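The sequence shown begins at 1 in the numbering used here and counts up by one.
EDC-like, lysine to aspartate or glutamate: derived pairs with alpha carbons at most 16 Å apart:
| id | residue 1 | residue 2 |
| --- | --- | --- |
| 1 | Lys-74 | Glu-99 |
| 2 | Lys-74 | Glu-102 |
| 3 | Lys-74 | Asp-44 |
| 4 | Lys-74 | Glu-47 |
| 5 | Lys-46 | Asp-76 |
Hints listed in this document are in silico derivations from the structure and should not be mistaken for laboratory results. As the structure is a computational prediction, the values presented were derived from the model and not from experiment.
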Amino acid sequence: MKTCSVLPLLGAVSFALSACAPLRDSERTAERMPIVGGYSRSTDAKESSRVAAFAAREESRRTGMPIRVVQILKSDTQVVAGLRFRLRIAAQRNGASTETAEAIVFRDLAGRLHLTSWRWLAR
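Given these sequences and hints, build the entire structure.
Put into structure tokens, the structure is as follows:
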């Protein structure tokens, strides 16, 4: 009669269980993937700058108040039927002190930009 060693079986079970163990916070952060349909961080600084300038021009035209982009604080994109940009912008209106605004800009499939929303955030 032939006997089997239990050690290889225990090793295989141990490996399988460790693969099912929950990730530590550091591992979870490192492996975080963008949520399908959600926003992800924009990596193209030039494109973000162009879109922020467009948003400020459009909001200036809409309100009749000059707006100048001082800095782009955050830029995220979302793939839709085109591309949606969500920008957090440090800007000046009427040459006053710098304030923070959030702009949502949609770029359609033909490449045209549309300012969807602009709101000044509370200080």
